[in-house]
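> The primary structure of each chain is shown beneath.
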Amino acid sequence: MPPPRFPIPQGTLDMLILQILSLEPAHGYGIAQRLEQISKSVVQVNQGSLYPALHRLEQKGWLKAHWKPSETGREAKFYSLTTSGQKQLRIEKDSWARLTGAVKLIFDEGAAQ
Amino acid sequence: MLRFLRSLLGLPSNRADFEDRMSEEMRFHIDSFIEDLVRSGLSPQEASRRARIEFGHIDSIKQDCRQARGLQLLDELSRNLRQSARLLSKTPAFTLTAILPLAFCLGANLAIFALLDGVLLRPLPFPDPGRLVLLYKTYPNAGVLRDGASPANLYERRGRIAAFSHIAISHPDAAIVGEPGATVREDILLVSTDFFSTLGVQPIFGRAFQEDEMTYETDRVAILTHDYWTRHFHSDPAAVGRQIRMDGQSRTIVGILPPGFTYLSSKAVIYTPYASAPNERGPAQRHSGRGGELIARLHPSTTIEAAQSQIDAFDASVAHEYAHAAMMAAAGYRTKIVNLHADHVASIRPTLLLLQTGVFFLLLIGSVNLVNLLLVRASARNKELAVRLALGAGRWHIVGEVITETAMLTSLGGLLSLFIAAGAIPLLAALGTEHLPFAHRITFDYHLASIAMLASVLTGFFAGVPVAWLSLRGSVGAALQGETRGGTAGHAAQRLRHGFMVAQIALAFVLLSAAGLLRLSLERVGALSLGFPSDHLLSGHISLPWPAYPQPQMRLTFTENLLTTIANQPGVHAAGIVSNLPLSGNNTQSGVNVVSRPLKPGELPRVPFAYSVGGSYFDAVRVPLLEGRLLDAADSRRPDRVCVVDEIFARHYWPSGGAIGERIFLGPVLKKDTDAFTIVGVVGRVKQTSLSETTSQGSVYLPYGHRADNNFYIVARTAHAPDTLNATLARIVRQIDPDLPINDVRSMETRITESLTSRRAPTLLAAVFAAASLLLASFGTYGVLSYAVSRRRREIGVRVALGAPPNAIRMQFLVLGLRLLLGGTCLGTAGAWAAGLAMQKLLYDLPPLYWPNLAAAASVMLVATLAACLIPSHRAARVSPIAALSG
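If you're matching them up, the sequences are chains Y and H in order.
The first sequence runs contiguously to residue 113 in my numbering.
The second sequence runs contiguously to residue 1887 in my numbering.
If you're looking for bench data, these hints aren't it; they were derived computationally from the structure.
Treat the hints with care, as some may be off.
Label-pair ranges, simulated between beta-carbon atoms [claimed, not checked]:
id, chain 1, residue 1, chain 2, residue 2, range
1, H, 1300, Y, 12, 41 to 49 Å
2, H, 1349, Y, 84, 48 to 56 Å
3, H, 1491, Y, 12, 50 to 58 Å
4, Y, 84, H, 1078, 25 to 33 Å
5, Y, 84, H, 1054, 29 to 37 Å
6, H, 1305, Y, 84, 50 to 58 Å
7, Y, 36, H, 1094, 32 to 40 Å
Beta carbons are placed, not taken as given, at the ideal position from N, Cα and C, and that holds for glycine.
Turn these sequences into a full structure, and let the hints steer you where they fit.
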């Protein structure tokens, strides 16, 4: 039996998508696979829920999309980061780092007592 | 439309394409997933199953995607629009009943708003128009509220008031333009050098006037309007430098004005220099009014108040240069500065605002009518809504639906109103709006159309709110249980409908009583007399050009020849001339003193209307003689100066009689003893400015020979209809001087009718609005009562079956109608009082609450309401118990 998987924390999906796309452009299925690999199946993403997030990010102008042949030859929608998407990723990483730093600090404080 | 909205919001522009690609993207995902699963060893069926499970519910994901794109709001809107269109087209009778009255109300509002916009709201067509001001002199204690400017007022101040960047003077005039035999009288404007730069306008060809052109010897130049240049010089730029013949003299064209240039409401087509002699520019001429209009442009950093205090300080510092400064101070002399646009429209402003308020009331009544119609229908659909609510329809969704439907109705009404307004605006011109200031700006344009559409959507929104409220208010259970009575929501709806009904009656009552007041006022003014019989009196204006008639003797000879010829025409009883004909707009007033009564310190001279009269003026006009004798043609040639005064002037100085033989003189001092005029007669009062003129400083009539103005009116008393002599008059003038046109030829009756236009037009419009509001209110009453009857059919049936007499049932509904009427009238009386107060300026001799008028309005309302109640109550009385109880 596989270990229990965590549902993905609220709001982090956008950041993960941006992070994956910052490495190279990918289509939706590719992003889903990458998520699966990177998180080593610890994080559970309902695959379909990726798409509303992609549309939201595209609407915000952080992603741009174009159709081109995939590795199998079939046309697929490839997403890539826009300049404002890169900026957004930096902002989110930064605030994530500060949040986790703060959480860690609180935990450490608790352990020190 | 929707595509436009989408691109506005940055949404995907092609909806079908968007859907296709979204599906394809998800299909690709699932297919790829299945392939990978098959490759890892699953059977195709199992792979397909797993892939679909892991992917999730595809339709709800798609919906989430659409929501992420913001498309669902648009979807809902278009669904609502489609559904509303379906509902409205299914009930064409209802749709038309709702749309038509509203379209009329909106159209009427739009037409009146076109007036308001063109006249009051749109700024003057000059750069930075808010800085343009007008300066006028006022002597309130002497009864002269406003006097024209003289050249001295310009030249003494130019460059010496820091608040003004430019200052200029203008004076409307007319000139006889063209070659001999083909002359036309054209309106012209005399202007000083800085006139165009004050307005911020430059000629497109040539130049503006220069300082050295501002004397009588050097003013032979002219500037043409673009329109005149196009018509007479075929837009040839080489027209600059050519000659134009005006009043028999050649002038050089030095400039062409930009297209569309008009100074306020001036109809001038040619501009010439406002010439003056050096002695006219000094302190001695400071208080002479030559009918000029002084305008200025304020510096950007200053205000009207600052300019006013600078002018006051300047006037005080130079007051001692004028010989009779103390008298002027006693008269309350001051130069007032006002905004040019505001001042130009000041007289018409209250009327326009009143009309707009009235027509807005009409729109309110129309909207209330619509709301009541919608409420009736909403009550009928209450159960349907309750079912939908019970099945989980969102409340906001239903609100959206209701508002969409009303907004759609009102927008259709708005569209229709565009046509109504486009047709009504030319009709307004027939009512006399062409005489309003800025009449040329009263047009129907896209600006107006967009305001109409915005207003109609807003109306729809506000009309939809009570309907939506009602739709959501009732509890689901009650609505479903209520068989015929509709439960609590039904009662609430009824109260709401009755409340609106009362409001509607009140509004209609206010409009009726306001229209009544205007009508009464018009009747009262129309019944007044000018002070002489106005029938069979023809008059026309002649302006003798200075160059051709420089000497008073020449002018006198001309008028004598003219009057002799006219008096010999068959059908003419008597003919004369007068410098300022009553109601002609020429209202010259002069300061007059009595020789035997030197002014005490601080005492002011009277400023009566001063008339120069020639020929048999008094015989022609038939002003009643009270004492002494009248002036006749011979008085112009006699060396001893005589005059006639009116009863008001005589009574002021000699309350117990004895005016005859007294001597008076014009101006502050008697220079030569022979300049004085001996009073030989006292005549009755003649109203000069309007039929409703109340205050007057009196009148003084002098023989034309002693004061020969070059502008005068010919007046002839005729045996037949005066208009039959129009052509004869023009022919006789041309016989004596082929260059000379006569214009403004009209009968006195016509002048009276035209002088009442400013009262008649609003009265007529108010009557139309009142009639429409009455119709709408009765229609509304009818609707509400009919609905009440139809809802209570079963109850009535039971009562009839138990033996209630039909009359009792009829009475019940009549009483309901009368109760609504009573409520509306009480509320309306308060409104009528407020309206009467607001209209005081426009009314002649009427209090704000005039009971006979209110009673009349109330009886009209009563008749209309009774008529509206009759059919429904009659129908109620005839309800058959069998049909009602089995139906």
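> Each of the hints needs a verdict: does it hold here or not?
Cross-check of the supplied hints:
Judged by the Cβ atoms, the range 41 to 49 Å given for residue 1300 of chain H and residue 12 of chain Y is violated: they are separated by roughly 57 Å. Judged by the Cβ atoms, the range 48 to 56 Å given for residue 1349 of chain H and residue 84 of chain Y holds: they are separated by roughly 54 Å. Separation of residue 1491 of chain H from residue 12 of chain Y is about 54 Å and conforms to the stated range, judged on CB atoms against 50 to 58 Å. Hint check: residue 84 of chain Y to residue 1078 of chain H, Cβ distance near 31 Å, so the stated range 25 to 33 Å holds.
Between residue 84 of chain Y and residue 1054 of chain H the Cβ separation comes to about 32 Å, which falls inside the hinted range of 29 to 37 Å. Separation of residue 1305 of chain H from residue 84 of chain Y is about 52 Å and conforms to the stated range, judged on CB atoms against 50 to 58 Å. The hint said 32 to 40 Å for the Cβ distance between residue 36 of chain Y and residue 1094 of chain H, and at roughly 60 Å that hint is violated.
Hint check: violations occur at hints 1, 7; the rest are consistent with the structure.
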